[in-house]
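**Q** So you can see what is in the structure, the chains are spelled out below.
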Amino acid sequence: MKQTPLAPAETQVTNLINEFAPRRSFLARFQRWEWMLVGLIVLVVLLNTQLSPYFLDALNLSRTSSDFMEMGLMMLPMVFIIITGNIDLSVASNLGMCASLMGWLFMQGVNIWVAAFAALLLGTLAGFFNGLLAARMKLPALVVTLGTYAFYRGVAYVLLGDQAARDYPEAFTYLGQGRLPGTLIPFSVALFIVLAAAFGLVLHRTTFGRYLYGIGNNENACIYSGVPVSRIKLIIFTLSGFMAALAGLILAARFGSTRPDIGNGLELSVITAAVLGGVDINGGVGSMVGACLSLLLIGLMRFGMGLLNIQGQVQGVVIGLLLILSILLPNGLVQLSGVKRLDRRSILAVLVVVILFALFFGFFFWSRAPVLIGG
Amino acid sequence: MTEPRRPKLAGFLWAVVRLREAGIGLFIIILVGLVTLRVPAFLSPDNLLDILLNISILAIVALAQTMVIITHGIDLSVSSMIGLAAMMVAFVVKQNPEMPALLALLLGMMLGAALGAFNGLIITYGKVPPLIATLGTLSIYRGLVFFYSGGTWINSFELPKSFKLLSKGTPLLLPNMVLLALLAALIVYYFLNHTRAGRDIYAVGSNPEAAQMSGIPKQRVLFLVYLLSGVACGLAAVLWASRFESAQTNTALGFELQTVAASVVGGVSISGGVGTVPGVILGALLLGIIQNALTIVRISPFWQLAAQGLLILIAVIVDHLVQQRAQREVQS
Chain A
1 MKQTPLAPAE TQVTNLINEF APRRSFLARF QRWEWMLVGL IVLVVLLNTQ
51 LSPYFLDALN LSRTSSDFME MGLMMLPMVF IIITGNIDLS VASNLGMCAS
101 LMGWLFMQGV NIWVAAFAAL LLGTLAGFFN GLLAARMKLP ALVVTLGTYA
151 FYRGVAYVLL GDQAARDYPE AFTYLGQGRL PGTLIPFSVA LFIVLAAAFG
201 LVLHRTTFGR YLYGIGNNEN ACIYSGVPVS RIKLIIFTLS GFMAALAGLI
251 LAARFGSTRP DIGNGLELSV ITAAVLGGVD INGGVGSMVG ACLSLLLIGL
301 MRFGMGLLNI QGQVQGVVIG LLLILSILLP NGLVQLSGVK RLDRRSILAV
351 LVVVILFALF FGFFFWSRAP VLIGG
Chain B
1 MTEPRRPKLA GFLWAVVRLR EAGIGLFIII LVGLVTLRVP AFLSPDNLLD
51 ILLNISILAI VALAQTMVII THGIDLSVSS MIGLAAMMVA FVVKQNPEMP
101 ALLALLLGMM LGAALGAFNG LIITYGKVPP LIATLGTLSI YRGLVFFYSG
151 GTWINSFELP KSFKLLSKGT PLLLPNMVLL ALLAALIVYY FLNHTRAGRD
201 IYAVGSNPEA AQMSGIPKQR VLFLVYLLSG VACGLAAVLW ASRFESAQTN
251 TALGFELQTV AASVVGGVSI SGGVGTVPGV ILGALLLGII QNALTIVRIS
301 PFWQLAAQGL LILIAVIVDH LVQQRAQREV QS
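Residue numbers (the numbering used here), protein chains in the order written: chain A, 1 to 375; chain B, 1 to 332.
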């Protein structure tokens with residue numbers, strides 16, 4: 001990046017920082033990323049109001065907003081974890097294990113609140129275990145949490161098998177289904193907003209938060225500067241476990257029942273939300289505002305597509321494309337802007353893939369024609 | 001350097017554990033011994049064949065996953081690629097029952113190649129991190145399965161016999177599927193150890209900068225592994241549809257975990273640069289044996305997932321301890 005001589009002091013400093021930052025294009029890009037998200041949200045709202053008269057219905061929005069709160073609750077600590085350059089794939093399984101433990105205890109006749117407390121404890125312990133392996137033993141978080149992803153979900157199946165726990169008392173289902181008295185705001189949304197604010201403050205206004213960025217940018221430098229890296233990692237993984245358990249309670253309360261496959265696959269949605277919000281998977285970059293905006297965007301898009309009768313799985317195509325494009329487009333622009341000249345070979349490669357893909361989709365639609373006609 | 005003194009048995013065990021393949025091999029032998037003591041039928045030819053059939057598909061995809069992981073990447077989209085290719089192939093076969101089964105196999109591999117090439121393109125030229133790219137295509141490809149089939153399934157009676165026999169036929173002593181897996185293992189073994197492109201994969205994984213400096217076309221190597229992963233998934237997809245005689249919208253859902261598990265248990269390092277074909281095959285075998293053993297010892301099937309997870313955790317922890325000790329030995 002060339003430094004312009006007439007830039008104001010602030011920009012000069014930013015340029016200087018960018019000059020030395022390892023991923024300057026990322027830094028520059030994500031300063032604007034939140035605004036991109038705001039723009040997309042406005043676009044989605046406008047589009048959806050045009051497409052469906054039921055979109056801007058307060059009751060509808062209130063109902064649908066609670067659908068995304070479990071995801072949101074797990075996303076908050078996930079932002080911390082990804083900013084340090086780690087990942088936690090086990091959150092949804094942990095959620096399932098905790099909800100199942102609560103359901104199992106409840107079926108044994110234990111008081112629901114005692115069971116819920118036990119679930120929170122188990123989730124925190126499970127997160128602590130992840131942290132022990134990832135931080136203290138310095139194993140790659142991806143593998144550790146992949147292992148516990150299977151293990152925790154397995155425990156959920158061991159606990160409940162093919163049973164489902166149900167008939168939770170109304171005082172408990174309030175957590176997932178109830179609204180704040182006198183308003184349309186669901187309890188879970190209020191809880192999320194409070195927690196999101198707390199997590200945001202910790203990330204952006206405390207030393208702890210700065211350490212997270214530091215670890216993500218250069219872990220070794222942090223260790224040598226006396227940052228308690230392994231303790232911080234232990235804390236955020238434990239926090240992630242606690243939040244997963246909390247999300248489990250709320251999801252179980254919302255469904256009014258627990259099956260061992262509860263929340264299956266949610267970890268990918270959680271990571272998608274964080275990354276779409278501008279949190280760099282390589283660590284060191286990201287903001288809580290961006291993550292929350294992306295959660296809102298995903299929620300509005302899914303709600304809108306749902307109103308248009310688009311299947312949940314097909315909605316995944318749009319969300320997946322958005323996830324890839326959110327990283328691909330800025331990267332592609334950097335490449336095309338002449339930073340690196342494309343040689344003939346890479347153009348050829350791109351062409352081959354494009355042709356291959358065109359053939360694929362040609363075949364895709366051609367062979368599918370009988371389905372469309374109704375054969 | 002003085003060799004640290006150690007009792008003989010411990011020394012022997014240390015040597016075995018240190019060689020990853022030997023360690024898993026020993027574990028498998030102990031496990032098989034224990035299960036056979038409990039249920040002698042475990043070692044019957046029928047049951048052994050059953051285990052081989054069950055791990056063939058896993059082995060094929062795990063081999064490809066291994067190549068991806070060696071480059072310090074990961075391919076989470078394998079399950080969706082299998083699901084999509086299986087659905088498309090089954091659909092075409094249903095429409096053209098007289099189509100030769102081998103052509104179906106080829107078609108599946110080509111479809112897989114297109115899907116894998118797309119992954120490769122956005123990872124290499126788009127510079128999207130592999131985890132994100134394949135996380136995205138995981139949901140994109142799965143969504144396309146629903147879009148393609150309109151939510152319907154292809155059932156056994158809709159598929160011709162020749163197609164069903166493709167995986168299970170036994171013209172050469174063993175079922176085709178097992179032979180194909182063996183063939184794939186041999187090809188990948190030769191490719192990784194005796195060809196330039198194969199060695200490049202290790203080079204890119206163990207030190208990307210050094211690899212680039214020494215003129216290894218890093219981007220092309222990365223593109224190749226994701227392409228190969230797609231091809232393997234296409235092959236696996238046809239075998240899957242043929243073995244289970246159906247194509248469903250949730251075919252292979254969650255399978256990506258098992259492929260990564262087989263690789264990691266087989267000693268492939270998630271940080272790249274390390275992994276062998278025999279190790280991965282043994283890893284897949286161990287997963288298959290545990291699954292089979294749990295059923296045969298009549299432990300509730302609900303324990304399976306927990307056992308799998310525990311196995312991954314044990315594998316990485318043991319690996320870590322062994323590495324630590326090896327490092328200490330080098331230092332002393």
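Simulated from the structure, these hints should not be mistaken for laboratory data. Where hints are given, some of them may not hold.
[Said to hold, decoys possible] Straight-line C-alpha distance at most 30 Å; calculated DSSO-like pairs for lysine-lysine:
1. Lys138(A) to Lys164(B)
2. Lys127(B) to Lys138(A)
3. Lys164(B) to Lys94(B)
4. Lys8(B) to Lys127(B)
[What the hints assert, rightly or not] Pairwise CB distance ranges (calculated):
5. Arg298(B) to Ser225(A): 22 to 30 Å
6. Gln311(A) to Asp50(B): 31 to 39 Å
7. Asp162(A) to Ala41(B): 31 to 39 Å
8. Ala197(B) to Ser225(A): 25 to 33 Å
9. Asn309(A) to Arg38(B): 20 to 28 Å
10. Phe361(A) to Pro301(B): 35 to 43 Å
11. Asp162(A) to Leu165(B): 27 to 35 Å
Think of the CB as a built atom: it goes at the ideal place given N, C-alpha and C, for glycine as much as any other residue.
**Q** Now tell me if each hint is right for this structure.
**A** Cross-check of the supplied hints:
1. The straight-line distance between the Cα atoms of Lys138(A) and Lys164(B) is roughly 47 Å, outside the 30 Å bound, and the hint therefore fails.
2. With a C-alpha separation of about 27 Å, the suggested pairing of Lys127(B) with Lys138(A) holds against the 30 Å cut-off.
3. Our distance criterion of 30 Å between C-alpha atoms is met by Lys164(B) and Lys94(B), whose separation comes to about 12 Å.
4. Between Lys8(B) and Lys127(B), the direct Cα distance comes to roughly 52 Å. Violation of the 30 Å bound is thereby established for this hinted pair.
5. Hint check: Arg298(B) to Ser225(A), Cβ distance near 56 Å, so the stated range 22 to 30 Å is violated.
6. At about 36 Å, the beta-carbon gap between Gln311(A) and Asp50(B) stays in the expected band of 31 to 39 Å.
7. Between Asp162(A) and Ala41(B) the CB atoms are about 26 Å apart, so this pair departs from the stated range of 31 to 39 Å.
8. Taking the beta carbon of each, Ala197(B) and Ser225(A) are about 42 Å apart, not inside 25 to 33 Å as hinted.
9. For Asn309(A) and Arg38(B), the hinted distance range of 20 to 28 Å is not satisfied, since their beta carbons lie about 53 Å from each other.
10. Range check, Phe361(A) to Pro301(B): Cβ separation about 39 Å, and the 35 to 43 Å hint holds.
11. At roughly 34 Å, the beta-carbon separation of Asp162(A) and Leu165(B) lies within the given 27 to 35 Å, and the hint holds.
When the structure is compared with the earlier hints, violations turn up for hints 1, 4, 5, 7, 8 and 9 and for no others.
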